[in-house]
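Visitor: If you read the protein sequences in the order shown, they are chains A, F and S. Position 208, counted from 1, in the first sequence is what my numbering calls 210; the numbers after and before it change by one each time, with no gaps. Position 205, counted from 1, in the second sequence is what my numbering calls 241; the numbers after and before it change by one each time, with no gaps. Position 203, counted from 1, in the third sequence is what my numbering calls 728; the numbers after and before it change by one each time, with no gaps.
None of these hints come from the bench; they were simulated from the model. Treat the hints with caution; some may be incorrect.
For lysine to any residue, the following SDA-like pairs were computed, each having C-alpha atoms within a straight-line distance of at most 20 Å [to be verified]: (1) S:Lys730 x A:Lys314; (2) S:Lys730 x A:Gly122; (3) S:Lys730 x A:Gly74; (4) S:Lys730 x A:Arg123; (5) S:Lys624 x A:Arg123; (6) A:Lys314 x A:Glu334; (7) S:Lys624 x S:Gly765; (8) F:Lys61 x S:Asp653; (9) S:Lys730 x A:Phe359; (10) S:Lys730 x A:Pro73; (11) F:Lys61 x F:Ser224; (12) A:Lys370 x A:His407; (13) A:Lys370 x A:Phe359; (14) S:Lys730 x A:Glu334; (15) F:Lys61 x S:Lys730; (16) S:Lys730 x A:His407; (17) F:Lys61 x S:Gly765; (18) S:Lys730 x A:Ala113; (19) F:Lys61 x S:Asn813; (20) S:Lys624 x S:Phe744.
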Amino acid sequence: MSKIDDARMPAPILQVEGLTVDFLSDGDPVRAVDDVSFHVARGETLVILGESGSGKSVSTSTLMGLVDCPPGHIVSGRCLFDGQELARLDEDKRRALNGRRIAMIFQDPLASLNPVYTVGRQIEEVYRSHGEGRGDLRSRILDLMRRVGIPEPEQRVDHYPHQFSGGQRQRIMIAIAIALKPDILIADEPTTALDVSVQAQILDLLRDLQRETGMALIMITHDLEVAASMADRIIVMNSGKVVEAGPARDVFETPQHAYTRKLIAALPHGEAADAGHKRSRERAEEVLLKVEGLGKDYVLSSGAFAGKSVFKAVEDVGFHLCKGETLGIVGESGSGKSSVARMLMRLNEPTSGKAIFAGQNIFDLTGKDLMAFRRRVQMVFQDPYGSMNPRMSVRSIISEPWQIHGDILPRARWRDRVVELLELVGLKAEHEGRYIHQFSGGQRQRIAIARALASEPELIICDEAVSALDVSIQAQVIDLLADLRNRLGLSYIFITHDLPIVRHFADRILVMKQGRIVEENETTALFATPLHDYTRTLLNAVPLPKWQTRRETA
Amino acid sequence: MTLLSAPVAAISPRMPLLSYLWRDKMAFASALFLVLLLLLVLFGPLLVGDAAARLGLRQRNLAPFTFNGGFLYVLGADTLGRPILARLIVGAQNTILIAAAAVFSSMLVGGALGLIAGYSERWYSHVIQRFADVIMSFPSLLLALIVLYTLGPSMTNLVIVLAITRLPIYLRTARAEVLELRERMFVSAARSMGASPVRIVFHHIAPLVLPTLVTISAIDFATVILAESALSFLGLGIQPPDFTWGAMVANGRGYLQTAWWIAFWPGLAIMMTTLSLNILSNWARTVADPQQRWRLQALRKTAR
Amino acid sequence: MLRYLGRRASYSLISIIGLVTLVFFLTRLTGDPSALYLPLDASADARAQFARLNGLDQPAIVQFFTYLGNLAQLDFGQSLRQNRSAMEVALEAFPETLKLAFLAIALATSLAIVVGSLAAARPGSLFDRIASLVSLAGASAPDFWIAIVGILLFAVGFGLLPTSGTGSAAHWVLPIFVLTLRPFGLLVQVVRGTMLSALSAAYIKTARAKGMPRREIIFGHALRNSLLPIVTVAGDLATGLVNGAVVVESIFGWPGIGKLMIDSIIQRDFAVVQSTILVTAVAIFLLNIAIDLLYAFLDPRIRY
Numbered sequence: 003m004s005k006i007d008d009a010r011m012p013a014p015i016l017q018v019e020g021l022t023v024d025f026l027s028d029g030d031p032v033r034a035v036d037d038v039s040f041h042v043a044r045g046e047t048l049v050i051l052g053e054s055g056s057g058k059s060v061s062t063s064t065l066m067g068l069v070d071c072p073p074g075h076i077v078s079g080r081c082l083f084d085g086q087e088l089a090r091l092d093e094d095k096r097r098a099l100n101g102r103r104i105a106m107i108f109q110d111p112l113a114s115l116n117p118v119y120t121v122g123r124q125i126e127e128v129y130r131s132h133g134e135g136r137g138d139l140r141s142r143i144l145d146l147m148r149r150v151g152i153p154e155p156e157q158r159v160d161h162y163p164h165q166f167s168g169g170q171r172q173r174i175m176i177a178i179a180i181a182l183k184p185d186i187l188i189a190d191e192p193t194t195a196l197d198v199s200v201q202a203q204i205l206d207l208l209r210d211l212q213r214e215t216g217m218a219l220i221m222i223t224h225d226l227e228v229a230a231s232m233a234d235r236i237i238v239m240n241s242g243k244v245v246e247a248g249p250a251r252d253v254f255e256t257p258q259h260a261y262t263r264k265l266i267a268a269l270p271h272g273e274a275a276d277a278g279h280k281r282s283r284e285r286a287e288e289v290l291l292k293v294e295g296l297g298k299d300y301v302l303s304s305g306a307f308a309g310k311s312v313f314k315a316v317e318d319v320g321f322h323l324c325k326g327e328t329l330g331i332v333g334e335s336g337s338g339k340s341s342v343a344r345m346l347m348r349l350n351e352p353t354s355g356k357a358i359f360a361g362q363n364i365f366d367l368t369g370k371d372l373m374a375f376r377r378r379v380q381m382v383f384q385d386p387y388g389s390m391n392p393r394m395s396v397r398s399i400i401s402e403p404w405q406i407h408g409d410i411l412p413r414a415r416w417r418d419r420v421v422e423l424l425e426l427v428g429l430k431a432e433h434e435g436r437y438i439h440q441f442s443g444g445q446r447q448r449i450a451i452a453r454a455l456a457s458e459p460e461l462i463i464c465d466e467a468v469s470a471l472d473v474s475i476q477a478q479v480i481d482l483l484a485d486l487r488n489r490l491g492l493s494y495i496f497i498t499h500d501l502p503i504v505r506h507f508a509d510r511i512l513v514m515k516q517g518r519i520v521e522e523n524e525t526t527a528l529f530a531t532p533l534h535d536y537t538r539t540l541l542n543a544v545p546l547p548k549w550q551t552r553r554e555t556a
Numbered sequence: 037m038t039l040l041s042a043p044v045a046a047i048s049p050r051m052p053l054l055s056y057l058w059r060d061k062m063a064f065a066s067a068l069f070l071v072l073l074l075l076l077v078l079f080g081p082l083l084v085g086d087a088a089a090r091l092g093l094r095q096r097n098l099a100p101f102t103f104n105g106g107f108l109y110v111l112g113a114d115t116l117g118r119p120i121l122a123r124l125i126v127g128a129q130n131t132i133l134i135a136a137a138a139v140f141s142s143m144l145v146g147g148a149l150g151l152i153a154g155y156s157e158r159w160y161s162h163v164i165q166r167f168a169d170v171i172m173s174f175p176s177l178l179l180a181l182i183v184l185y186t187l188g189p190s191m192t193n194l195v196i197v198l199a200i201t202r203l204p205i206y207l208r209t210a211r212a213e214v215l216e217l218r219e220r221m222f223v224s225a226a227r228s229m230g231a232s233p234v235r236i237v238f239h240h241i242a243p244l245v246l247p248t249l250v251t252i253s254a255i256d257f258a259t260v261i262l263a264e265s266a267l268s269f270l271g272l273g274i275q276p277p278d279f280t281w282g283a284m285v286a287n288g289r290g291y292l293q294t295a296w297w298i299a300f301w302p303g304l305a306i307m308m309t310t311l312s313l314n315i316l317s318n319w320a321r322t323v324a325d326p327q328q329r330w331r332l333q334a335l336r337k338t339a340r
Numbered sequence: 526m527l528r529y530l531g532r533r534a535s536y537s538l539i540s541i542i543g544l545v546t547l548v549f550f551l552t553r554l555t556g557d558p559s560a561l562y563l564p565l566d567a568s569a570d571a572r573a574q575f576a577r578l579n580g581l582d583q584p585a586i587v588q589f590f591t592y593l594g595n596l597a598q599l600d601f602g603q604s605l606r607q608n609r610s611a612m613e614v615a616l617e618a619f620p621e622t623l624k625l626a627f628l629a630i631a632l633a634t635s636l637a638i639v640v641g642s643l644a645a646a647r648p649g650s651l652f653d654r655i656a657s658l659v660s661l662a663g664a665s666a667p668d669f670w671i672a673i674v675g676i677l678l679f680a681v682g683f684g685l686l687p688t689s690g691t692g693s694a695a696h697w698v699l700p701i702f703v704l705t706l707r708p709f710g711l712l713v714q715v716v717r718g719t720m721l722s723a724l725s726a727a728y729i730k731t732a733r734a735k736g737m738p739r740r741e742i743i744f745g746h747a748l749r750n751s752l753l754p755i756v757t758v759a760g761d762l763a764t765g766l767v768n769g770a771v772v773v774e775s776i777f778g779w780p781g782i783g784k785l786m787i788d789s790i791i792q793r794d795f796a797v798v799q800s801t802i803l804v805t806a807v808a809i810f811l812l813n814i815a816i817d818l819l820y821a822f823l824d825p826r827i828r829y
């Protein structure tokens, strides 16, 4: 079947033309969606690609009447679904469509499920709301749960959302959405909150269901790889406008618009990451940090009679780091990678093991020695907004290390040094009086890096330091870190769940799973010949473009 | 970089708070009333002089709105012929002063204890919490009654008792906020830089807890006025010749059938004050909630 | 579960012991009861004998341990005023207050849930604005003053209701109204606030995307999730109702625990004061346990 051949395409089931949505407030209204047009046909997948704030979610929420008006305001445009105008439906007609003919799943499945009702009841509500409450509802619900891949549905049907894992919750959301076999399924960032391996399973499920039911799928995402692996056609949105639209392969391989080109260039694709990599130019043989037998146990008490059980968050972790080296630690959530970082920073105490930094065991340090250590090792956190005090100006944020350690820099020099550091990380002198909320995500992370540099450290631990940033910004921050390493002779421990990013940046990689190191190797070698099964799973979980998979399976 | 700045609702540069206040007419009227009351508390006693204590045989039980007695007698006079308006103004000063002192001290002490109880996990943290439990687990008025009856009703004792009964509110709120804030990344960041607990609590956490406590104190002000009035009504407030609004209601209680206004006006004054405080704090909650704030905005549409 | 109840009970026991200790020593400070219970011209001998009989000749600390020892044997002491078991006196008055309090809180909660939910369903509507104003007024009203104005209007003015006392159904109307007003006003605010935030939760979006009827979204999903904070506040208000009961019972001459408390303090009937405190504290302890169990029932995420 050729999707490129437009003549054989069925008539679109949904046709959006010139949709414009404002959000009203004091002053001028904020235009969230500006003259957006798209269409989707049965059996087809349309991906709406855009970074945060691009208006991609608002445009589809409008279709289901989920935008509150006011403060939302549909200025103009038509949304024709199977001949019906969606933008101006009354409540009863809207209700008849929602859930039955158009369904939606959301980014955060835990928040999207009602915490006080069993999942079975929440699936049942779809049937009841559309007059299908009769007959053997329970067996229909069980079949549905089995279909979306919930094991043992007979027991699980009476469980509550908090008793499921993230991936399972999204499966339940999908079950609710497809219960009445809708014509269109809108998936709003459905895998953003999930680990890569779970993400791959959910995407597979969506593809299978689409093949079975022939529904149209509108997928909203910021993730280029997810977009490429799902899309037949893509529209790219930026600041509320559609900047590019077309068949997926064309958009990815020959992007027309400058913004699309920038997005795609920012993605370190496969071997391209090896070519233009940002790894260390020179590495000393001198070992800066040596970790041995590091472990962290949490004692859980489960109920009055079960007694205590021990959860090993980190178990027997050992590695070393040379001067000027970048070590990547890769793992999914719960792998213990962040616990390792927090223990090395002495934010949490380890249960066992030692870490020799410049001849001293970090875990034995107290008083003066500990303060000296805190100068030499700094941390950059995942969420730059959360890691800086919202009530402090940039100046006082960056100069805080000097306030804490009185002997780094005389007070008279603070002002000049803040400006120097701001310029070093690519910001301007006039930024020093502003507050954190006045900056974009990428700028905030630059400020966090400037603060880390203020105490002139030798080692910086980056815990998911770019994960919260948009793709195009991630690359800029990585470039900055690499540049600083080469100029200042820093060493990094770079913790992430994102394989392409480490491939681009790290010299050596540790793969962690369930608190243990399962593989360690030089970056090039690890990607070329992954030895451990789990590493291979992680590598394969990175979604492949749809046009490539189709060629392979054909 | 523009695409990265989140779509924050544009706030009009000129005093957005005042325009939000103007748009909610009830809140605006409340604010006006409170400002007026504050001015009366500050300057009123200078204006009425000793009229509040001046006995007048001819004006005994003078009914309100009889304009032959002069401006001060517009709300009538009590059984001793003292003008009620003048007494309301003098009573306002005592009422507001006691409530303000009680609210301020319970916010200060409760907030500080809450900061400690939230950040520290040492034994005194538990002691502080149990202490709050003890106060919370018992009706405050009963406790206040016993304490005031034994220690004797004076201005200081009244303030102390009222402050202690309200303490747990601030303590628990501050503690809950600290428990959340101390898990935030910027606290971890400060710790990793070597900041001491004292620096973290007072430099990083306290400035973020304070606005919440101040918001609570507005509603609490109303609660404390009501509690003080009830105590004064039961005769355990400040003692004559000083008086508050609550005591004025108690004085008038015996003359309901002959001179209803003696008990009516001070009660109305209490209610107007507490109502204004409640309306205003309600408005402040709406302004502070980004999901509700648009209700107070102009919502201008683009011209088509 | 059992362990939770055990911990809860031990915490409450600490609270109750603290309270009893505090009250014991405070009441001993009020003065010598023999001055009230013996004729003015009673001889020193008679006074000494009275003191010895009632254990008042011992140092306060000895009296305290005797009292604790007696408590352990469920001996709560004798009422000086009524010459019978103090606990008997307290337990006789307690049901009267309980009846008032239960009716008031039940009425306030159910009315507030209906009014608050409807207001939150259409925020900014005329109904919402009226509900807001009425509830704020209710929350701001000084109960003693409302009681007086109520008597003035309905008993003195129209002669519809009795001014005080017990007996007929008409005797219940004013006390219940006065007691309900403030909890009702506060609860409407809480219901409306939590409902508004629940209605903007992600799971409400899911429910709308499912095509559920609006009524079911509001009452099935939003209200069901709001019940937890509502129960919390209603529980606190139920504790606080004893405060209102003190005022209301003394104004309407209702023979409940509040009136008994005031009378006993003034009469220095220590044993009765202690017993009423003990009864109230235990009742509040039981109430809190019930509320905790209700939490677990309402929210499947809470397990003790």
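Visitor: Compare the structure with the hints numbered earlier in the document and write down the numbers of the violated ones, lowest to highest.
Guide: Numbers 1, 5, 9, 11, 14, 15, 16, 17, 19 and 20 - these are the hints that the structure violates, sorted from lowest upward.
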